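Novice: Here is what each chain is made of, one letter per residue.
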Amino acid sequence: MRPGAEKIDDPFAIQTEDISKNFGAVRAVRRLSISIPKRGLTSIVGPNGSGKSTLVNLLSGVLPLDGGIVILEGNSLKVLKAHENPSHGLTRTFQEVRLFDQVSVWDNIMVVLTKRGLFPALLERVNPMQRDRARGILENVGLWDKRDALAENLSYGQRKLLEIGRAMAMEANIYLFDEPFAGLFPEMVVKVKEILNRMREQGDTIVFISHNMDIVRELSDHLIVLDSGSLLAEGQVDEVLSQPKVIKAYLGA
Amino acid sequence: MQAETEHDRSFTQIVRKPQALVAAARNNVELWANLLIIGWALGFMLWQGVGFAITVGTVFAIWAILSVSLNLVVGFTGLLSVGHVGFFGIGAYTVAILTSDAKYEQLRTEAIPTFGWPFFAALPLGVLLAGIVAIAVGVVFNRFRDDIYVLVSFGFAIISFNVFLNWRNLTRGAFGIHEIPRPAVGSWVLDRELEFLIFALALLGLIMLLSWLIVTSSFGRVLTAIREDEQAIAVFGYRTTHYKLAVWTISAMMAGLAGGLFASWTRFVDPNSFILLESMLLVAIVILGGLATIWGSLLGAMAFVLLEEGMRFLPFLPAIHIGQARLVVLGILLVLLMLFRPQGLVGRYRL
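As you go down the protein sequences, you meet chains A and B in turn.
The first sequence: position 192 = 193 (our numbering), numbered continuously.
The second sequence: position 59 = 240 (our numbering), numbered continuously.
If you are wondering where the hints come from, they were derived from the structure by calculation, not from laboratory data.
Note that this is a predicted model, so its numbers are computed, not measured.
Even glycine gets a Cβ: it sits at the ideal position worked out from N, Cα and C.
Be aware that one or more of the hints could be misleading.
What the hints assert, rightly or not - Derived CB-CB ranges, DEER-like:
#1 B:V321 with A:R117: 21 to 31 Å
#2 B:L508 with A:D133: 22 to 32 Å
#3 B:G386 with A:K79: 45 to 55 Å
#4 B:T295 with A:L124: 35 to 45 Å
#5 A:L124 with B:G386: 34 to 44 Å
#6 B:V321 with A:I72: 30 to 40 Å
#7 A:E153 with B:V321: 55 to 65 Å
#8 B:Q200 with A:N213: 47 to 57 Å
#9 B:S368 with A:L124: 35 to 45 Å
#10 A:R117 with B:T295: 24 to 34 Å
#11 A:R117 with B:L332: 25 to 35 Å
#12 A:L124 with B:F296: 47 to 57 Å
#13 B:I316 with A:L124: 17 to 27 Å
To be verified - Below, computed lysine to any residue pairings styled on SDA-like, alpha-carbon distance capped at 20 Å:
#14 A:K147 with B:R529
#15 A:K82 with B:T422
#16 A:K39 with B:T422
#17 A:K246 with A:P48
#18 A:K116 with B:R529
#19 A:K116 with B:Q412
Bound conformation, chain B alone (with noise of 0.2 Å):
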């Protein structure tokens, strides 16, 4: 509540003197920040059409439920994991095993057996496994802080990689599994490119609700206590081990939900899209939008998928160096970002 008041009163100073917005927007990163990215957002979607952008839209909301999710670990405790892709891993795994009805040619490739579940059935399945497998781990990170807890996340990144490649009876590893259904409600199939759009932002709105009950809950706050000095908060009364593995597997089971989402998407999933690069991007995405800010992991979800798809157009650019010039270009924005603005494009926190 205090917060509005300050805002009011630098709203009625903006209406009084209309040259006061030129002044208070020149030094105002955040406001800046905003606009770049949805004015490119748009011009982007009016440059190339809106089927590129339904594409588009879908990768950001798939990125954007996991950079919102793996936030509620970074930004709001403190966290710094960078093994969320496992949680991925394991919805998009869960629901490709359930819902393939692919029949592999025996012999000749690896066979798996086929289940045929609906996606719906499926999706729950892989959340709450994504939930088990995070209550697991979790209870062993709790031992850990800081630099030990990025090593050990690390690991777990690593470990659930090795088990989706050489589990091949379950997997079929690096063959992957293809003809993944799209979601489907009796006869509907959400087989359009837009319908699922729709549904996959209606999980980013969903998610994004969710962390926002959260964070501004009790129990956030008690979380951001944790973040600046956990043993602090302890002594007043707070088991901090409860909150944050409790914090991990909510965020576990969100990462989980992207990862079935993905799958049924891409209706094809291999160990490729579970390396531990894709979870250093995502704490990129995080650290860039913002920590413990939810509207900055959309942001920062938003410019990384614009900055991947963006540079497929730079003329001077061959194709096949596309995937590391993005990375490049991150990196070198991360460090940017550190030395002129730690605390990320419309975030207040430092790490």
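In isolation and in its complexed conformation, chain A is listed as follows (with noise of 0.2 Å):
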């Protein structure tokens, strides 16, 4: 959490006001109008084509809004550019890994770490203060020692890990993670849930999406459930999960 951000009071971290996306005749997100509160972890499940990745896409600037509104820590913003992220205090990973493949796992972490601004990137040399972040982090996400390796050489699981630590490395007040859980081995859940954990401590805010629903049972305080690119429900994880229509939209059951 960066200092400064607890003066804003606002009880929620996003909202969208009506915000659509179309991809040519099909409607990926229509008029959704969603609350995401401040602090704690919120998910976001719904079937395949609910419109989870691209509702992602449209809060860090990665796909332009067709319209509607997004408040981001009290901003009412209309356009939303993804180099601007960080002047939110917004970072994410993606749902198809998305690394410098051929680029070290330790410039993985530390191009995130320079300075923003071509004159001062051009006469900023390596640091100890960046050379210690990034060994925290890789620490952090247990890949200290493959720091040498190329991302594209890692398995899935620590990529999934290295892309976790690259959006840490933001030091983000909202971090978006799309399926940070998909296609990982048990052992790495546990340490991606852990991770999650200790961020929540801290004070973030964090957004998941995720189709395991025993992971947003165990893990989210909120819960959004979105069913052809609109919502269906959001609020109290228990209290969500126990709506008729949710049952048997998703659940199936």
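Hints are included, so try docking the two chains, each in its own frame, into the full complex.
Specialist: So, in structure tokens, the structure goes:
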């Protein structure tokens, strides 16, 4: 959590009002209005194609909004740009792990620690402070021993951890994790859970997409259920999961 | 700092067991490439004499400046540009037009204004002009990526060649500009070949230093990330278009410098030096040496120049075919390289 972030007393980290996104004739997100509370873990669930990843892509400026507004930490925004994420205190991971493949694990972390802006970056060399932070993060996600390996040579689980580590290096207030648990070995799942819990203890806002209802029940404080790009339900986890429409549409039991 | 520890470890192993050196060297393509090319260069110098080596060395220095500069764009940033020759030409023509003091006979040939500037005043202007054109072109190019980028940069090479050829009251078109003076400081003219070689190598050293500073800075690390996944690095707060435009402009200015050097060295420029083929050869040199390595670009340029000059002495090859033959050899070499060593001679990255 960045210093100075506490002063905003808005109870929500992210709110959306009527946001939409169409891909040709496919309406991926339809006039969606959600509120993600500040601090704690919020999970987004929904069947395949319900617009979960599109929502994360819209919130992080990877895809442009077709309509509606996003309120990030009290600022109403009609246009979100990917490069402005740090100024909103927001960072993310990708569903299909997107690392800098032909770059060492070490540099994958170092690259997000550098100064923004051309001239400061041109004059900046690796400094001990960055080195310590990168080391801290790599030890945190258990990849310190792999620091010299190229990212493309890591296993899938290690790649996911590295991507989470890269997001952690941003020291954001809001973390969007797109399926952090998908395809992970049980031991890795435990590790990622630990990391998310540690972030929650620090007072960060964590949003994650997951298909694993056990993990969702176990970890999250708040739950958002999407269906065909619209909101089906949101609120406390147990309360949402006991709603008949949620059971019918998603859990199927 | 991590790389050093690995290096130290292998070094102590070799000291402890000298046989390990042989084993380590056997599969080390990098080492062999270095030894082969440097050995070849030295052998060539001994065989042909110092005078010829000076000429070859100057040609090498110019190609090396070009390939180091192009590697910033192609190797480090991942923008495959085949239009670099345009900036080379802009630098060369600026220096040629501003410094040439030739008196052309009116009526019979194309006449252009004579400025008679000193070389060291014209060169910075050529570099600057290349940079300005690069910004204008780069703003448009930034909209494209991958295959389309190659195509639009291809277009730039064609356009710039046609400008050099057809803007005749500035460039004299196909007649070319001659009597371009050598660099001079006051009364000291760098007209001896050795002096010029030292000057060219000094500029090459400067370009290498600049490139090294760029690629080892935080800026350079972001460039590498852009090469790997531009959208992903943008998410972390980098305006990638600015970074791409900056490195493109810096690279173009370096090519402009090489152009000015080239014009002053050959003392004559015409559009044939700036055809698309030269750009293709340059890309080939960068890939041959290895992407994202400054040293690799030097080796690539050296191998290319030695290949070009060395083939003059093949007894069974008629002189008129040398030009084409070197292209054939270079082509075969590139195909072999792509098959067996896609990262180039000393490179670590694939395109």
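Novice: Honestly, which of those hints from before does the structure not fit?
Specialist: 2, 5, 7, 10, 12, 16 and 18
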